[in-house]
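Construct the complete structure from the given sequences, taking the supplied hints into account.
Protein chains: 2
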Amino acid sequence: MPQAPTSGGKEIDVINGEMFIGSRSLSGTSGEARAVNPATGETLDPVYRGATRAELDEACRLAWEAFDPYRSLEPETRARFLETIAQNILDIGDALIERAMAETGLPRARLEGERGRTVGQLRLFAQVVRDGRYLDLRIDPAMPERQPLPRPDLRLRKIPLGPVAVFGASNFPLAFSVAGGDTASALAAGCPVVVKAHSAHLGTSELVGRAVQAAVRTSGLPEGVFSLLFDTGRDIGQGLVADPRIKAVGFTGSRGGGTALMKIAQARPEPIPVYAEMSSINPVILFPGALAERGEKIAHGFITSLLMGAGQFCTSPGLILAIESDKLDEFIAGAGNALQSASAATMLTPGIHQAYEAGVEALRSHTAVQTIARGQAGQGYQGVPGLFSTTAEAFLADRKLAEEVFGSASLVVRCRDEAELASVLDSLEGQLTAALHITEADHEDARKLIPVLERKVGRILVNGFGTGVEVAHAMVHGGPYPSTADGRSTSVGTMAIDRFLRPVCYQDMPEALLPPELRDSSPYDRLLDGKTVLGA
Amino acid sequence: MPQAPTSGGKEIDVINGEMFIGSRSLSGTSGEARAVNPATGETLDPVYRGATRAELDEACRLAWEAFDPYRSLEPETRARFLETIAQNILDIGDALIERAMAETGLPRARLEGERGRTVGQLRLFAQVVRDGRYLDLRIDPAMPERQPLPRPDLRLRKIPLGPVAVFGASNFPLAFSVAGGDTASALAAGCPVVVKAHSAHLGTSELVGRAVQAAVRTSGLPEGVFSLLFDTGRDIGQGLVADPRIKAVGFTGSRGGGTALMKIAQARPEPIPVYAEMSSINPVILFPGALAERGEKIAHGFITSLLMGAGQFCTSPGLILAIESDKLDEFIAGAGNALQSASAATMLTPGIHQAYEAGVEALRSHTAVQTIARGQAGQGYQGVPGLFSTTAEAFLADRKLAEEVFGSASLVVRCRDEAELASVLDSLEGQLTAALHITEADHEDARKLIPVLERKVGRILVNGFGTGVEVAHAMVHGGPYPSTADGRSTSVGTMAIDRFLRPVCYQDMPEALLPPELRDSSPYDRLLDGKTVLGA
Chain A
1 MPQAPTSGGK EIDVINGEMF IGSRSLSGTS GEARAVNPAT GETLDPVYRG
51 ATRAELDEAC RLAWEAFDPY RSLEPETRAR FLETIAQNIL DIGDALIERA
101 MAETGLPRAR LEGERGRTVG QLRLFAQVVR DGRYLDLRID PAMPERQPLP
151 RPDLRLRKIP LGPVAVFGAS NFPLAFSVAG GDTASALAAG CPVVVKAHSA
201 HLGTSELVGR AVQAAVRTSG LPEGVFSLLF DTGRDIGQGL VADPRIKAVG
251 FTGSRGGGTA LMKIAQARPE PIPVYAEMSS INPVILFPGA LAERGEKIAH
301 GFITSLLMGA GQFCTSPGLI LAIESDKLDE FIAGAGNALQ SASAATMLTP
351 GIHQAYEAGV EALRSHTAVQ TIARGQAGQG YQGVPGLFST TAEAFLADRK
401 LAEEVFGSAS LVVRCRDEAE LASVLDSLEG QLTAALHITE ADHEDARKLI
451 PVLERKVGRI LVNGFGTGVE VAHAMVHGGP YPSTADGRST SVGTMAIDRF
501 LRPVCYQDMP EALLPPELRD SSPYDRLLDG KTVLGA
Chain B
1 MPQAPTSGGK EIDVINGEMF IGSRSLSGTS GEARAVNPAT GETLDPVYRG
51 ATRAELDEAC RLAWEAFDPY RSLEPETRAR FLETIAQNIL DIGDALIERA
101 MAETGLPRAR LEGERGRTVG QLRLFAQVVR DGRYLDLRID PAMPERQPLP
151 RPDLRLRKIP LGPVAVFGAS NFPLAFSVAG GDTASALAAG CPVVVKAHSA
201 HLGTSELVGR AVQAAVRTSG LPEGVFSLLF DTGRDIGQGL VADPRIKAVG
251 FTGSRGGGTA LMKIAQARPE PIPVYAEMSS INPVILFPGA LAERGEKIAH
301 GFITSLLMGA GQFCTSPGLI LAIESDKLDE FIAGAGNALQ SASAATMLTP
351 GIHQAYEAGV EALRSHTAVQ TIARGQAGQG YQGVPGLFST TAEAFLADRK
401 LAEEVFGSAS LVVRCRDEAE LASVLDSLEG QLTAALHITE ADHEDARKLI
451 PVLERKVGRI LVNGFGTGVE VAHAMVHGGP YPSTADGRST SVGTMAIDRF
501 LRPVCYQDMP EALLPPELRD SSPYDRLLDG KTVLGA
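Protein chains in written order, with the UniProt record's numbering: chain A, 1 to 536; chain B, 1 to 536.
Don't read these hints as lab results, they were simulated from the structure.
For each residue, glycine too, the CB sits at the ideal point set by N, CA and C.
Be careful, since some hints might not be right.
Okay, the calculated bits of chain A under chain B, using three or more residues with CB under 8 Å as the criterion [stated by the list, open to error]: (1) 270-283; (2) 473-480.
Taking CB as the label site, the calculated pair distances span [as the list claims (entries may be wrong)]: (3) B:R146 to A:R447: 28 to 34 Å; (4) A:R447 to B:V14: 40 to 46 Å; (5) B:P144 to A:Q376: 33 to 39 Å; (6) B:R234 to A:A109: 55 to 61 Å; (7) B:R146 to A:D94: 22 to 28 Å; (8) A:L528 to B:R146: 32 to 38 Å; (9) A:R234 to B:P144: 43 to 49 Å; (10) B:T43 to A:A512: 54 to 60 Å; (11) A:R447 to B:R24: 29 to 35 Å; (12) B:R399 to A:D235: 24 to 30 Å.
If you want it as structure tokens, here you go:
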């Protein structure tokens, strides 16, 4: 007889409406919410109830108590903990994929891929913990004979900021939710995490939360390392950011949501950093050489990227810029044809669908905007893809045209010449990505735009599209405000750990009291008197 | 006949009331201010007049125009520019020291030392620019054969944030003013700088500003790389932080001043980081073993540190914590005796003197505070050193006792036992430094406090005092709020450059378009596929 998957003797594929406060599993008592299947409109069991202020307080208290012991663990223990979370998520099995499909309308292949990414990034951060490079170790040995004054022995390492609040994202129910990127990097840094689940995928959150809780238990960690709270309004989420024991916030969502959290964080007696990823239209610039050589291929790639995940990616190509030409007309016609046959696609939530429809309607009815093509009609919460065009002049005259329409809608901006195209770029707010489509013949023109793009975006791609964010060492998924609240960091890739760290210097501290990684026997890469020394 | 020092054909030791907007030297027209010699109360020539809003706008426009060309310079050009500033400051000669003495009341030896530090940190940042480690280069090469999807080529470097506003500090007229730490690290990062001069040392600011302007000119840089503005009120300083072309702020001063700038920065359409260093009382913890072994020596070191620079250091030892004992009584008596014979010392400004007197009076008249000793009476703007004591119970009951008194005043807090001492530490706000005085016999007790201290401070010292901040790779001069606005960075040492940088990722960019440091031929240390590779 097949057994239910277990971890530490407890079943982990159970969905019964529970949240997790340290080692406790409990149903909330504040308000009531249910997930909705956006494909069918069906309300899903079970009922979820929100946390009370007392439960929030308890989660924060436990996180604070766990902070010092958790950050002091052997690196290997922390690395294995991350790997155990990954394994537990896999062990949930198909129950996780099925629940996520029901709650998000996303297809199986996408969610299986997303699970792979989620597990992969947990394992990558385990490696980051083992490598110790994130500690940014620096040692300036004493110079007792230096004149006129001796130099003390100075040693620096980075330590975690403290408990972190993570807000699950609607569009990545696994990779940017309960055990997603923010949680993985915060836990890797040594920060306990309190997650506020996204209301769009409550069951998925419960399943993953149970997997993390089980990993805390079987790893023998202090229970407060992880809690997961539901919120049927905004009270718990806002209270979480305001709690004095929370020292940083990770958020992916709307600009309104992100800026509201920033305000709360800044109004605290002790302000804290908010890493909010908020909105981006991701300009794609088509150069003449590339359009002439392979306009049709680029059009195909563009529409594929635009339709992916019903366009519900932060890096979806929402803006195409090019100089007027016959080749641009051919590109637009080709892209329009491809889009026309595309199906409508179920969107994540009724609210997201409604916002998409409103955004598309604003474009459609704009006097300076031409509708190039719409996809096939849909039903329920399905979004109908849309491709629109306007002139640079019109785009520059109306800032509303530069606002994100979250979903499979994109706007082609026809520019008279290079100077006008540069003006459009210069008018944009901060973005996550920009893409250049070029051939060698376009290099000179492209080179001129790169400084502008560097100032505007976190990632510049050549001959590709921003969707599909590689989890790697050199990835930047971030960008100047308002694409994120803080362009000095990334939410994807190993550099994401930096956002949860701060430096501490130890001066003339005896070897016996130094943290092991700062002793002369340190096994890690470090800066010794300003020169890199490789670790063991 | 001896010649006046020149740089690029212009005299640089001239004081005539000018500020600098790019390549222009001009007198302001808004309001009127003069420096005051705090030792004599004498008003110093010449008259300084503040910048207008139009002049502020011009400085910011030039800084913005200079940003792309300046950040794109060969590293060697930027490094030599920093070295030229250093040399020009030395070339001003004694005129700089004499003016700084007159404006601050600080003694010659101190100011000559501070000039050495200022020049030294400019030269150190030149080396940082040459080393290229600050770029945090990362390369994840393409994997075209990877299944199920190929990996793109990803390359990351850090780029400067944009023009930086620097506010000169009253207590370091050279090392934290016009060409001080914030300016040096911002210029090293590739950020143009607009300085708002501190009103306490206008002539010193003018001299150093002229030296920087000359370096811009003889280095052939875009003029907007540096401007220096005077402000006779708060309008120009506040307008500078609000200007959309300014992308970060460096400030050293009061908590009120720092938090006001934070509010302005956060209210902008595009919020920007503020690195404000604000206040710190720098707890010093005396352990029983150390008190028994060398209480007298520690008392001597403590009083020396407390009196240094009339106590006008952010790292001055304002709080002594120890467990009640006869040895503590001896320490207090010894420290009191040493303090009693100390002279009053001229403070930087009438305002600082007034605040010091008020702070000392609040301690003196506090019912739970005992005056241990005062120094010799002074006159004018001289501050009389003061040593006070109270109990842990009283300290915990009145948060006012934990407020910084900027100057040579310190409060000894007598604790009943280790637990009470730990409670006092736990009650403190974020601090720049904490010092432990220990012997080997104290290691066990000290070890227990280190996690608490790590959460509270930026630098933990053993058997020393926080005054005298080494400019080095492993230094942290920073700490949790409110010691600084942002504990994730340092204002002293080479890590200070990080605060003015953000990461950008280049995906599949052809070699010809990549920045030189990210090409395969890069001469710098870098992370290749997650492993450190040493540069040439």
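Tested hints:
no. : hint                         : result
1   : 270-283                      : holds (count 3)
2   : 473-480                      : holds (count 6)
3   : B:R146 to A:R447: 28 to 34 Å : holds, 30 Å
4   : A:R447 to B:V14: 40 to 46 Å  : holds, 43 Å
5   : B:P144 to A:Q376: 33 to 39 Å : holds, 35 Å
6   : B:R234 to A:A109: 55 to 61 Å : holds, 59 Å
7   : B:R146 to A:D94: 22 to 28 Å  : holds, 26 Å
8   : A:L528 to B:R146: 32 to 38 Å : holds, 36 Å
9   : A:R234 to B:P144: 43 to 49 Å : holds, 47 Å
10  : B:T43 to A:A512: 54 to 60 Å  : holds, 57 Å
11  : A:R447 to B:R24: 29 to 35 Å  : holds, 32 Å
12  : B:R399 to A:D235: 24 to 30 Å : holds, 29 Å
Hint compliance for this structure: no hint is broken.
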